[in-house]
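Respectively, the protein sequence lines represent chains A and B.
Quick note on the numbering used here: the first sequence kicks off at 1 and runs consecutively.
Quick note on the numbering used here: the second sequence kicks off at 274 and runs consecutively.
Mixed in with the good hints, there may be bad ones.
To give a feel for the contact side, a few chain B residues facing chain A, derived at Cβ under 10 angstroms [unchecked claim]:
| id | residue |
| --- | --- |
| 1 | Ile403 |
| 2 | Ala450 |
| 3 | Ile536 |
| 4 | Arg564 |
To be clear, the hints were calculated from the coordinates, so they are not data collected in a lab.
None of the values given here were measured: they were computed from a predicted structure.
Note that CB positions come from ideal geometry on N, CA and C, so glycine has one too.
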Amino acid sequence: MAFQKVDATNVALFGSNWIGFDNFVSLFTTSVGSNFGNVIRNTAVMSLLSITVGFMFPILLAILVSEVKLRFFKRTVQTATYMPYFVSAVVVCAIMKELVGNYGAITEICRWFGYSGGNLLAQSDPPTFWLIYLFIDIWQNAGYSSIVFVAAIAAIDRSLYEAAAIDGASRIKRILHITIPSILPTIVMMFTVKMGTMITAGFDKVILLYNTGILDTADTIYSYTYRLTTGTQGAKADFGLAAASGLFQSLISVTLLMGSNYLSKAVAKSSLF
Amino acid sequence: MFFKKKKQQNTVSDADSSSDTSPRIAPKPVSPVVLPIIKHGKNRQRGTGGMVVGKDLSSRVVDIVIYFILTIALFVSIIPLWHVLMASVSDPKQIAFGIGNTYKWGVVWWPVGDGLHFEGYEYIFKDGSIFRGYLNTIIYVILATGIGMVINILGGYVISRNIKAKGAITIFVMFTAMFHGGLIPTYAVIKGLNMTDTIWSIVIPGCTNAFFVIMLANAFRTVPESTIESARIDGAGHMRIMWQILLPQALPLATVVILNSVILQWNSWMNASIYLSSSVNDLWPLQLIVRELSAKSEQFIGSGRPNYALFLVRYTVIVASTLPILCVFPFFQKLMETNVVAGAVKG
């Protein structure tokens, strides 16, 4: 369908005229609320932020939690940090809208550092929306993703730590030279899994958060397709164009998945399929 | 005990340093120095639980830093939810316009205003759509997970056995995991099947995916071949082997799949927003109703006469849709942990 001019009233697989690559050309030449170049940039930036910064938080959390000896405190922290995972995307975004709103906590914290404006979701300058998205990603997933790493750390042989301690290694040194190398295979595995799904995962939150004022920094391929499909948020429904951008996304996602699989084969000697 | 240990350590390091300062450079004498440490069997046994070495000052500092960071993480996780809960029973006028010291650091710590305000809850309960949303979501979860599991088990069984077409079928399944047609072609298919605006448009496309099938296939593969062979000799057919021999043994991973499927269905709103038009909003799942109500709440000012109960809806709808889940989740936490790990280990 990406190569057809699709009639919105008659959606069928072969019911429309073939027009070759015209949809792909107009994808890059026309602007539907935001132009496609920006859309690709936003998708790339947000994916990269979540796979680098967002990926480090669960590991850090797992290491810190594993260092705690007080069982009660450990359980409390773990329970509290998992909790956001059980809150659905719709609700998470509704809560976030509160936090970055005019009186919200995040807006308030930004004001301590010299920010003087209202609702952060109304700010269209580049990093704002990306950082909000990153924050949601971390808030919702860090605790849950840390489970795997906590389990990996728990499986490390305790005698290694003892031996290191007897040899005079400090706590930090023990973490750096025992904990991290020991869980490295797990880290590599989770990283490749995350890389394979990064282009599609979690972008429904963008649709729940953005507004027509900040499309230039907020729109992603996923939400762009959605807007063209449903004809909402400043776009007119155009099924041919939406199919083209959907196909574009699928191609990137296949490439990433293949790439990450190749990487995990090369590095971790194990592959997804 | 503890003191002794420390002394030993000192003596060991003394011995170590003395051997270092001695003119002999040959590496051989080092090993007798290392051995005594390992030989102290008593201490080693005692130390299986924790560190053998006592806490010196730097270790204390590290402890304090760790506790501090984790406490912050704890609060960051909880405060947003707490804020919403408190705001949902506050005076809407104060919340809406930030009158007085409603917000401290941007958070409503305690209900503000005189007494508790329940108009927000009254509004959504009178509206009633949230109950319908709950009912619909539960129906979708049960149907999708049920149908999905049947497909997963059948598919997983086929892939896990050594049959001729195994490679072709595996590629066929994995292809769907890698390549998505995209929103529009999927929509065209659903519409072509006349499933739009019916519950099947939610249940059927969302009931399973390639990863679930592959996961179950991996689980079946762990069952020893001899078990299956002996069952076959005893006269068991494919169905009996699948459901009565393999499934009980693959139960841990099967629960992982079920759990993931339930969470997926519970959170999903996108399919419903595309396939179920607003003419059939009595079929909408909970998440879509939450989205609708909070969007409505953002336009509470209306025609010059603000409906403040409607303003509170943005908080109450969050509480009403999330609190039940958060009350149930501690019971699943243990299951969740073991499952996530099991799921990750299979690689």
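Let me make sure I understand: some of the numbered hints might not hold for this structure. Which ones are they, in numerical order? Hint 1 alone not satisfied by this model.
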